[in-house]
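Trainee: Under my numbering, think of the first position of the sequence shown as 9, with each following residue one higher.
Honestly, I wouldn't trust all of these hints.
[Claimed, not checked] When the alpha-carbon atoms are kept at most 20 Å apart in a straight line, the in silico DMTMM-like pairs for lysine to aspartate or glutamate are as follows:
1. K124 - D61
2. K389 - E345
3. K587 - D202
4. K244 - E547
5. K126 - E66
6. K181 - E112
7. K777 - E693
8. K149 - E112
[Unchecked claim] Label-pair ranges, simulated between beta-carbon atoms:
9. E656 - G676: 17 to 23 Å
10. E345 - G434: 46 to 52 Å
11. I710 - E783: 16 to 22 Å
12. V145 - Q623: 43 to 49 Å
13. K278 - R519: 32 to 38 Å
14. E398 - E783: 31 to 37 Å
15. V303 - M598: 33 to 39 Å
16. V851 - M69: 25 to 31 Å
17. E656 - V145: 54 to 60 Å
18. P842 - Q623: 19 to 25 Å
19. D521 - T142: 31 to 37 Å
These are calculated hints, taken from the structure and not from any lab test. Idealized CB from N, CA, C, for every residue including glycine.
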Amino acid sequence: MIVNPLQTNTNGLGRRTSRAPERVDFSKIYTSARIPNLIEVQRESYNRFLQMDLIPEERDMVGLQTVFQSIFPVSDFRETAMLEFVEYQIGNWQCKCGNLEGLEHLRTNCKNCSAKIKVDPFNPAEVLCNNCGTFNVVRPKLCTNCGEPVGLKHKHDQQECQERGTSYSVPLKVRIRLTVYDKDPETNVSTIRDIKEEDVFFGEIPLMTDNGTFIINGTERVIVSQLHRSPGVFYKGDRDTYLAKIIPYRGSWVEFEYDQKGILHARLGKRKILATIFLRALGLWLNPQIDMKTVSDNILEEVVKNAEFSNAEILRRFYVTDEITVEKGKLFVKIKEDGETNLKGMRAEEDIKDKKEVIVSSGKKITASALKELRKLGVEKVEVSAADFENAMALDDVVNTETGEVILEANSELTAAKLQQIVEEGLGNFSVFFPENDVVGNIILQTLKKDAITKPVDALLEIYRKMRPGDPPTVPTAYRLLEGMFFDARRFDLSRVGRLKFNIKMGRPEREDLNNSLLKAPDFYEVVNYLLRMKKDSEHYGQDDIDHLGNRRVRAVGELLENQFRIGLERMERAIKEKMSIQQDMFTTMPRDLVNAKPVTAAVREFFGSSQLSQFMDQTNPLSEITHKRRLSALGPGGLSRERAGFEVRDVHPTHYGRICPIETPEGPNIGLISSLSCFARINEFGFIESPYRKVENGRVIEYAKIINGGDTNLKPRIHIPLEEIEAANKKLKKGQREAEFEPFPFYLTAWEEDKYIIGQANIELDEKGNFVNERNAARNKGEFITADRDEIEYMDVSPKQLVSVAASLVPFLENDDANRALMGANMQRQSVPLLRAESPYVGTGMEAVAARDSGAVVIAKRDGVVDYVDSERIIVKADHQ
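With the sequences and hints as input, model every part of the structure.
Mentor: Written out as structure tokens, the structure is:
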């Protein structure tokens with residue numbers, strides 16, 4: 009609680025006057041972390057989408073850059089011409105007189121490594137080189153004619169756009185290269201005949217104002233962020249029914265499921281087939297000998313028809329197999345160098361010795377430690393009893409080479425009688441597996457018994473018949489169909505987010521292979537393997553909670569607009585191909601003759617004008633503006649609908665703690681579907697909401713800080729270390745030396761990272777050194793509230809405010825309110841009419857200044873100084889020179 013004791017009196021006109029407010033802070037909990045800029049969600053997302061102030065070679069593969077790269081190059085059907093994307097430019101970057109032009113004038117070279125450094129023309133200061141970490145004092149290049157630096161030129165400023173009823177936007181120009189080829193009809197070899205480059209106008213693209221809004225046809229609009237299901241792989245299990253879903257960002261869904269009948273099916277789109285048919289067809293992509301995309305149909309057909317992928321190869325990818333040898337009427341199991349083996353638990357027929365020491369006695373079971381010792385000693389095989397092969401199945405056909413008789417068929421049970429026959433006839437080597445003992449179970453086994461197909465070519469044709477009923481299948485068309493569904497980047501995109509979620513679920517390193525947005529054939533096998541293990545080992549192979557915030561992510565304005573741009577460019581691509589095919593003389597054609605940007609501009613205009621997520625800004629008061637920009641909606645294209653949304657998706661989930669406000673949501677049909685970000689929450693590069701925490705070690709809170717500038721210490725910028733170390737480094741400096749500059753550094757965790765730790769509440773009592781006073785303290789673990797020992801706690805909340813949104817945090821004594829009344833109070837604050845003369849509240853919560861500053865409702869001076877002049881048009885501030 010923060011109280012404002014105002015001295016009030018009235019002047020001769022009866023108006024109330026007051027002296028400057030003096031805040032009295034009664035809060036007992038210290039908050040080290042700063043509240044992030046409240047509209048950073050919008051601004052950061054749109055800046056990443058545009059990358060407007062970066063030169064082409066500095067741009068990352070996100071936003072506009074990745075959309076253009078994914079659609080281009082575009083070739084005609086005869087492959088005699090190709091359009092390529094070179095670069096794009098947003099707006100005109102010029103000085104006042106137009107003498108200097110281009111973003112290159114806002115770059116300088118690092119004094120240490122000569123790498124390019126970005127210069128802020130309005131805030132020249134020390135800038136850190138991203139390449140070598142050296143600080144450079146930079147100054148913008150000024151025009152010799154007008155004395156101004158390069159800046160973005162606008163046809164109309166924001167105020168003029170609102171007065172004229174126009175959109176606040178800048179032109180988008182794309183440099184496109186047209187390459188024309190000559191094709192030799194005999195050798196079919198193409199040679200370049202002509203190359204032309206041209207800047208093509210792609211229409212106007214709306215700019216975001218400093219307050220996170222867009223001005224469209226004179227009115228301010230806000231793009232609400234969408235909360236949707238993350239791409240990736242998801243599992244669901246219910247008694248005898250188990251389901252795995254692979255959900256890409258774009259492309260066909262794949263589902264694997266089995267029920268009490270024990271048969272595994274795959275669903276490709278809405279078509280259901282035996283999963284082993286699909287897995288067998290994928291064998292063509294496991295170890296391709298040649299690049300199938302470039303070969304002719306005849307070669308492709310020949311390669312596919314000759315390909316083999318037996319039942320044994322499928323079984324080997326799911327079950328633990330062992331090689332058995334028969335020597336002089338005795339059974340031996342070969343010891344694998346590594347990996348799982350069924351040898352553990354089998355009984356040794358004879359003593360296994362190392363010189364004089366007995367490692368495993370006769371009749372005793374072989375343990376994991378004994379197996380490790382045997383591998384260490386280089387023992388190749390161990391004699392075992394025939395009784396240990398109960399429930400064993402043969403991996404391959406066991407054949408008598410002399411007579412050609414098949415003694416035991418593959419995928420059939422190794423009975424005592426068959427085993428005795430094999431031993432008597434001394435039939436060399438064969439492999440076995442134990443489906444009943446294996447955690448995978450016998451699902452794959454049962455499915456293979458029902459599957460009559462044995463070759464990949466037949467599996468391909470069967471899939472084609474299911475996907476295209478009525479069409480006569482051919483090998484090349486069947487191959488291209490499956491390849492296009494899952495192995496073509498234009499039609500299937502798992503995305504970096506999907507790959508991240510896939511890696512986490514499969515226990516791989518989180519950031520492994522993130523830029524590979526296609527699934528590989530082994531990935532499908534891995535998905536099925538996890539699904540089959542869920543029934544017997546639910547502790548390690550659990551199902552997913554779809555409402556967990558680790559499985560839901562935010563699509564902010566940049567990503568939403570990126571998707572619209574892609575739709576427009578795909579329409580444009582089809583039009584370009586048609587124009588290329590009817591063009592008579594490609595040698596006189598320019599890129600502008602082929603590219604018509606109308607589909608792109610129409611898609612962007614439609615998005616801003618009529619999308620469900622593009623809304624008129626709520627301008628009732630500054631709080632309503634800021635809440636609107638921090639709103640999350642589960643509705644909209646690709647999201648839920650009010651009618652279909654059930655109770656679970658609307659409910660408050662434990663992972664909402666510190667991420668989504670449990671209080672602020674509308675009453676009525678949208679309850680729970682529209683929510684607000686919590687005060688301290690931020691959205692990471694993958695769209696997942698993160699919440700900040702303080703580090704705790706051995707029952708003591710360790711404050712961390714991030715180095716901004718190392719000064720004369722030996723500390724490097726951008727690293728985060730304990731605050732104690734920074735203070736110690738600063739104390740060692742001599743008089744006149746520059747101290748290290750730093751800022752508080754909280755640890756931001758995603759919902760799945762938070763589940764790994766025990767997290768203490770913000771109100772835990774601490775002593776002066778940051779140690780926990782009490783032995784047992786209130787904490788959370790995996791969404792459950794517990795009481796934990798102080799040594800068990802690994803992180804701690806940064807503030808009690810981090811639980812709620814900006815609107816809820818402005819309610820004094822919120823903890824004493826009933827949840828329903830708090831919801832109404834938070835919502836009604838946004839409906840209050842602002843005062844003509846703003847006054848500070850008598851009782852505040854400390855969030856008032858933050859909300860006012862970040863809403864854009866007040867003018868903020870960029871530097872300290874003295875107000876020199878004020879009138880109805882402008883305020884002049886005399887800045888302090890530093």
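Trainee: All hints, please: hold or fail.
Mentor: A quick look at each hint next to the structure:
1. K124 - D61: holds (14 Å)
2. K389 - E345: Holds - the C-alpha atoms of E345 and K389 are around 11 Å apart, at most 20 Å.
3. K587 - D202: Measuring from Cα to Cα gives roughly 18 Å; hence the hint holds.
4. K244 - E547: holds (14 Å)
5. K126 - E66: Holds, because 10 Å separates the two Cα atoms, which is no more than 20 Å.
6. K181 - E112: Measuring from Cα to Cα gives roughly 17 Å; hence the hint holds.
7. K777 - E693: violated (35 Å)
8. K149 - E112: holds (10 Å)
9. E656 - G676: 17 to 23 Å: Taking Cβ atoms as reference, E656 and G676 lie about 19 Å apart, which means the hint holds.
10. E345 - G434: 46 to 52 Å: Cβ of E345 to Cβ of G434: about 26 Å, so the range 46 to 52 Å is violated.
11. I710 - E783: 16 to 22 Å: holds (19 Å)
12. V145 - Q623: 43 to 49 Å: holds (44 Å)
13. K278 - R519: 32 to 38 Å: Distance hint for K278, R519 holds at roughly 34 Å.
14. E398 - E783: 31 to 37 Å: Once the Cβ atoms are compared, 54 Å apart, the range 31 to 37 Å for E783 and E398 is violated.
15. V303 - M598: 33 to 39 Å: Between V303 and M598, where Cβ atoms are some 35 Å apart, the hint holds.
16. V851 - M69: 25 to 31 Å: Hint violated: Cβ distance 50 Å, outside 25 to 31 Å.
17. E656 - V145: 54 to 60 Å: This hint holds: roughly 57 Å between Cβ atoms.
18. P842 - Q623: 19 to 25 Å: holds (20 Å)
19. D521 - T142: 31 to 37 Å: The hint (31 to 37 Å, Cβ to Cβ) holds, given that D521 and T142 are roughly 33 Å apart.
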